[in-house]
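Protein chains in written order, with our numbering: chain R, 1 to 262; chain H, 1 to 262.
The reader is advised that the hints may include incorrect statements.
Footprint (simulated), chain H over chain R, 3 or more residues, beta carbon under 8 Å [unchecked claim]:
#1 86-97
#2 157-168
#3 200-211
Restraint-style ranges between C-beta atoms, simulated for each label pair [as the list claims (entries may be wrong)]:
#4 R/R110 x H/A177: 42 to 48 Å
#5 H/R233 x R/R23: 49 to 55 Å
#6 H/A152 x R/Q173: 51 to 57 Å
#7 R/A47 x H/R108: 32 to 38 Å
#8 R/G155 x H/P169: 53 to 59 Å
Just so you know, the hints here were simulated from the structure itself, not pulled from any lab data. Yeah, the Cβ is synthetic: ideal placement off N, Cα and C, and Gly gets one too.
There are 2 protein chains.
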Amino acid sequence: MALPPEFLTAAAEAADLAGAVIRPLFRSRLLIESKGDATPVTEADRAAERALRAFLTERFPAHGILGEEYGAEREGAEWLWVLDPIDGTRAFLTGRPLFGTLIGLMHRGRPVLGVIDQPVTGERWIGEAGQGTRFRAAADAPFAPVRSRPCAALGEAEFACTSPDVFTPLELQAHDAVRRQVRRTSWGGDCYIYGLIALGLIDLVVEAGLKPWDWAALVPILEGAGGSMTDWRGERLTLGSAGDVIAAGDLGLVGQVVAALA
Amino acid sequence: MALPPEFLTAAAEAADLAGAVIRPLFRSRLLIESKGDATPVTEADRAAERALRAFLTERFPAHGILGEEYGAEREGAEWLWVLDPIDGTRAFLTGRPLFGTLIGLMHRGRPVLGVIDQPVTGERWIGEAGQGTRFRAAADAPFAPVRSRPCAALGEAEFACTSPDVFTPLELQAHDAVRRQVRRTSWGGDCYIYGLIALGLIDLVVEAGLKPWDWAALVPILEGAGGSMTDWRGERLTLGSAGDVIAAGDLGLVGQVVAALA
């Protein structure tokens, strides 16, 4: 079952809206002078989320909204928009164009639509339940279907992670157990590295401490590209999940990762 | 003393040349199918270095050349070009546009000219001894002067590093000693994070295991932006250096880092 087309249109318009708020602040004098203080970013994040909420509420008054900065409204609604205007605050603060705006839509608790937007490069991923994931490489480039690549064995996996600092000490031990088995590991990237799984360039990301607004948009993008995104037991992510995630380009990897983490 | 202008022109043309070889391979089918095997990247690296060597030898027959893939020619020459067509192989392989082409020029063992070029985004940094560092944000954008930002205390520093895997266990202990004192740490970036120091967005990078082609181009860019790049004792980098580096946006940080590392 395809989603009503106006949901996709709204998600794309919402990403444009957020980008217009966020883009002028990237590498701005304000950020340089704030010297690592995240306050200006928090303010941009809040301003973008307010714009998204106003837009989506007007477009779909019966839908719920859950966002990083302003919490939940109508959380029990059939359709729930899940928003993170700036995923990758640290990348944004340090001038790396690997942060992203995340716009997800859940239907009765299942993520069914997701957008990752990189407002500086213009890259955008769109995933929709039951449909193939699409990607554009620049704001003026056409969308094209993308797929994750086959990778049957953990020992062949290109592994990536935002930072070792996202883990508790126990989680880090489990993560290290995976890391010792993969082919190679690289660091940095937030939502962007999940997008790179959908492009077939990374095979596996294992992280912890994610909130629903960090993963809701990613699930349809991974699934639509032929991969998956689950918790550390290989179970479907829900609003009550603890926030530990396995994102894999090849479904055959998931069981191996679950075993290595256990 | 300003350099002969034809040296700057040649460095910029060399960066264009390398970009034309490298850009078509970024996120290409070939890289996706190589599944983490670096061979296609090594081949692009070699092809780009061959193009750079042919170009620079024709332009400056008496100059020496030192490159990652093909070693040294006329290493004792007064002027020595130091080349790394793809710094950040792993970023390149995984589709992150944070790798760079590095073109450095040394005069009697001192780095006097450096270019960092990001061939996908078109970003380019140019540093020249005794002159201010310049940066353009896109291939069609104008160059503008850039400066690192003040950061007098280690406890205020925005710290970055490519990967914890660049260190030996002893080096990692020393690096951790710095990391415990900084304001915040982020991961990933290779040459790109040194460029972000010159933009005033990161304050400090401490790494080890660098080769001359990894740092020769960076020194004039850091120095021309008001910062510095030294070894872990705060001494000037030379062709005989071990490859441990401190890159700081504020000269006042260097002594504190040296003390923390010791």
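Structure-based check of all given hints:
Only residues whose beta carbon comes within less than 8 Å of a beta carbon in chain H count, and the stretch 86-97 of chain R has 7; three or more means the coverage holds. Figure legend: the stretch 157-168 of chain R, annotated as covered by chain H; annotation consistent (7 residues with Cβ-Cβ distances under 8 Å, at least 3 required). Given a C-beta distance limit of less than 8 Å, the hint that chain H covers the stretch 200-211 of chain R holds, as 4 residues qualify and 3 suffice. Our hint of 42 to 48 Å for R/R110 and H/A177 holds, since their Cβ atoms are close to 47 Å apart.
The hint said 49 to 55 Å for the Cβ distance between H/R233 and R/R23, and at roughly 42 Å that hint is violated. Checked against the hint of 51 to 57 Å, the pair H/A152 and R/Q173 fails, with Cβ atoms roughly 37 Å apart. Judged by the Cβ atoms, the range 32 to 38 Å given for R/A47 and H/R108 is violated: they are separated by roughly 53 Å. One distance hint, 53 to 59 Å for the beta-carbon pair R/G155 and H/P169, is violated here, with the actual separation near 24 Å.
In terms of the numbered hints stated before, the structure departs from hints 5, 6, 7, 8, listed from lowest to highest.
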